[in-house]
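Peer 1: Take a look at the letters that make up each chain.
Protein chains: 2
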Amino acid sequence: MKLLIVGGVAGGASAAARGRRLSEQAEIVLFEKGPYISYANCGLPYYIGHVIEDRNKLLVFTPEQMKKRFNIDVRTSTEVLRIERQEKRVEVKKIDTGELYMESYDKLILSPGAEPIKPLIPGIDGTKVMTLRSVQDMDKIRVAVDAGARKVTVIGGGYIGLEMVDNLSNFGLEIHLVEMLPRIMPLIDPEIAFIVQEHIKSRGVQLHLGKPVQGFKEAEGRLVVRLHRYEEIECNFAVLSVGVKPSTSLAVKAGLDIGPTGGIKVDDYMRTSDPDIYAVGDAVEVKDFITSRPALIPLAGLANRQGRIAADNVFGRASKFRGAQGTVIVKVFDLTVASTGASEIKLKEAGIAYEKIYLHPTNHAQFYPGASDIRFKLLYSPEDGRILGAQIVGVDGVDKRVDVIAMAIQAGMTVFDLEECELAYAPQLGAAKDPVNMAGFVASNILKGDCNTLFASDVPVDEQNPNILVLDVRTSKEYQQGTVPGAVNIPLDELRARIGELPKDKKIYCFCRAGLRSYIANRILKQNGLEVYNISGGYLTFCSSRPEMAYCDEIVPKKVK
Amino acid sequence: MKLLIVGGVAGGASAAARGRRLSEQAEIVLFEKGPYISYANCGLPYYIGHVIEDRNKLLVFTPEQMKKRFNIDVRTSTEVLRIERQEKRVEVKKIDTGELYMESYDKLILSPGAEPIKPLIPGIDGTKVMTLRSVQDMDKIRVAVDAGARKVTVIGGGYIGLEMVDNLSNFGLEIHLVEMLPRIMPLIDPEIAFIVQEHIKSRGVQLHLGKPVQGFKEAEGRLVVRLHRYEEIECNFAVLSVGVKPSTSLAVKAGLDIGPTGGIKVDDYMRTSDPDIYAVGDAVEVKDFITSRPALIPLAGLANRQGRIAADNVFGRASKFRGAQGTVIVKVFDLTVASTGASEIKLKEAGIAYEKIYLHPTNHAQFYPGASDIRFKLLYSPEDGRILGAQIVGVDGVDKRVDVIAMAIQAGMTVFDLEECELAYAPQLGAAKDPVNMAGFVASNILKGDCNTLFASDVPVDEQNPNILVLDVRTSKEYQQGTVPGAVNIPLDELRARIGELPKDKKIYCFCRAGLRSYIANRILKQNGLEVYNISGGYLTFCSSRPEMAYCDEIVPKKVK
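Top line first, the protein sequences correspond to chains A and B. Every position in the first sequence, counted from 1, becomes a number in this note's numbering once 17 is added. Every position in the second sequence, counted from 1, becomes a number in this note's numbering once 17 is added.
Since the hints were derived computationally from the structure, they do not count as laboratory data. Please note that a few of the clues may not be correct.
Identical copies go unnamed one by one, so any copy, or any two together, can satisfy a pair.
Restricting the straight-line Cα-Cα distance to at most 27 Å, the calculated cross-link-like pairs of lysine-lysine (DSS-like) are [as the list claims (entries may be wrong)]:
#	residue 1	residue 2
1	Lys348	Lys575
2	Lys304	Lys262
3	Lys465	Lys337
4	Lys521	Lys337
5	Lys543	Lys85
6	Lys74	Lys576
7	Lys576	Lys348
8	Lys110	Lys521
9	Lys348	Lys521
10	Lys575	Lys521
11	Lys19	Lys543
12	Lys218	Lys524
13	Lys234	Lys105
14	Lys465	Lys282
15	Lys110	Lys262
16	Lys19	Lys270
17	Lys337	Lys543
18	Lys365	Lys218
19	Lys228	Lys348
20	Lys84	Lys521
21	Lys228	Lys168
22	Lys19	Lys282
Starting from the given sequences, assemble the full structure and let the hints guide the process.
Peer 2: What follows is the structure, encoded as structure tokens:
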């Protein structure tokens, strides 16, 4: 068996190592266009931010180590130019010398990765408009930072953009974050993204939302980023992080099938339309685990797994990829933001029926010092309660809860299963009723019909809607500090006594701070024959969903006093 | 409906609140023997340790609050003396006045909890031998600490004992931990407990293992704890934490069925042998989720859930308890120790076939600063790979991994599913191949026959066993710092070149530090026709499993340099 692998980072390196473990006899050649293989892509922003100080730590395996340990013939600075599928060989170019040669294969694994999207904007190819994908990209940005940059523009409010903002902030720079859409983080839902926006604004980052970049120009050693409507940002340099696209040129030239998303089309065994060619990693189109639609989900974990699966199949072991949930997490300043499964936006696009809830628990028992807020959105099927997705924001304990939900999604579990989860509880690490249990309780109560639920978006802007009474069951002190426009206040603990004050002929939209007190209020009112609805997530979710109507300074999770 | 509830802490308070949410009309009376209801039992050690400074924070709901919010008739300092099942009423005693009265019920929920086990040891009832179960117990111990105690003996090395050690250490006391068994933490396996032992020893705690207390006596205001063999500890006071037993006297007097473990017998609906009486919490016997055997698993989360389930059933909603996994976690000094599902000991006792692996990953990507070690034991079925249990020790990220495994157990997932988990990865929070994925890989490799595995216990004490060669594939530097007695050293990266040095007629027991390099070595040797076995968990697990044979100072997880 002679296996050629194109691309030496996550997917390719994993395939090579797995291949060798499965066969000592195989000839395995790994081609990498760049000078480095198997580097820690996800660490690049942190080297720029001087959080990771030792650059060598990012280089997980050198070519020499891959040779020694796995007997892999690693050829860096070597580009595979084309595939001759009939002859089962590739044409290869040594980048340093320009030398060309052919290399034959029995099986070929493509792991070319993805490349930064560079929109057709005047000036985008200037040296002061940088992207971050490779170690060389990282080195360039770090040099620019270390040269004493005072002002930097980050273009694109996705994960990489936010990691850049977070790392650049270590140097006290003036940071501008420009995003074409009216909000950051396009892969999560806007009311969750709003929480993150508020946080980064509070840290002095200047947000330019809904502003596509019109052009770049250099003047007197500075970069001018021109935004919509004559607005300009003059800065030392810009980091362009508006997403990546699959690197498919080699596959396209070879006539391999490309999927509707633009990624290389593969079957469940990671095999392309040519049975002797596999493809893995950011370049391939995967099946979305929730929607079953083709999707591009460029994540290191998936690339590693696919590399392993492709190698298994190359060496005669049937091994299948189950599709991708797209579990992602990013830390930006004090907040961690995570998501798994489908967002509400994606479910809508896919036409999948869903219900949603919001809750605002603390990461661990409140009586133990240092507890902090969590904002938790759960999406599930109204038919059977199957969990479809979650988005979680908080200071601590976010990664744990998103991982627990990721497991639940993988296993096809329901909100009823979440009620029953037995998670580890010690006061500094959790709660006897963990946020995940609470999510299960809230959603189950809705599915069982115990609590009619509606959302911030259902609250009429017109405060005078005669058929609706908006009821705030928080304390009068909380009420006075800000409420939903037009809401009347009856604190929960007075509700039974004052129930006569409520009209029998109106719908009552009930809320509290987070949703727990209003749930109890709902139960009281419903059992007393009133038509009552709970505004999911209470005032906190209302304020992040409809910031034009109400604002509270508790939206952003923080340590509880 | 008139519902009486006996016991106002976790299970009882949950049942009361849930009952009210289900029925505004019901009359609900909650009896509690002590002065407090709904307090945070798990917080008690931390108030003693001055970690929690505000005592009121431990009192989650006062009787007044329960009345206001849930319209519950709470009667504290009130003991239910007996149940007249025929008449469906209970006899009640006001503790302060001695007044007796009868109270009738339609349904009765018992949540009497558990009480500290007090072995029949001379002097155990002295005032300087304290237990920790209630708020009053806590107050007493805190007074004793704050009075300037210099030396304290903790008896019992279980969870509460360790939390006491941890909290007492905040005052620079001399702490003695006495345990009857030859090791601490009887609910987890000894080689994992050994790691914790080493850690607490390194923090100056004096361990007295395998030493049952023979007696207590007071002398000159001090307590003398007499151990086995004339050994005595003179101290200011002792905390006795040798476990709890279900409080069943009321149920026993009423003739309700008691299970073989000594807990109140209930069905899946939390109903006792009397259809109008339910029982929940630490007093009941539950079904072990893994072994299906009856078990006592006194945990707050379970009590809460059972209270909710009992209330559901009382109010006409069929609601079932699925059994208990027993997920537990404890923090002691720098370490967090957690467990879910069955231990190896428990599986052996239950006669359930199992396989096990050990791994030693870091909590997050090693290239990001602050990574720390994790020690991870996974138990699974050799037939289908179903996960049976896990034990995890580390500095950070332990709670997350045990929760992920808890979900996998709940869902009936296998080690093959663990390979596929899509967990959140950012460099400061995880790894592209998370420890959970790694556990899946290791176990799957074994089940697929890629790697023959054996354990520290299989290594012969006699170094001269002529049929076995113990092979250390770490670097020669690592080898020189300590190895398995009799092991020969061929570093992994030299193995292909030096394979001729290995005997074809011997079994090769191969190991490295943690198991990854030796797995690669196994693949190399196996494919070259040698009979090779991997010692699971490598030198680290060897040293904690057989400390009499080898020692290394890396056993205890710490931050990676």
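Peer 1: So which hints don't hold here, by number, going up?
Peer 2: 4, 8, 9, 10, 12, 13, 14 and 18
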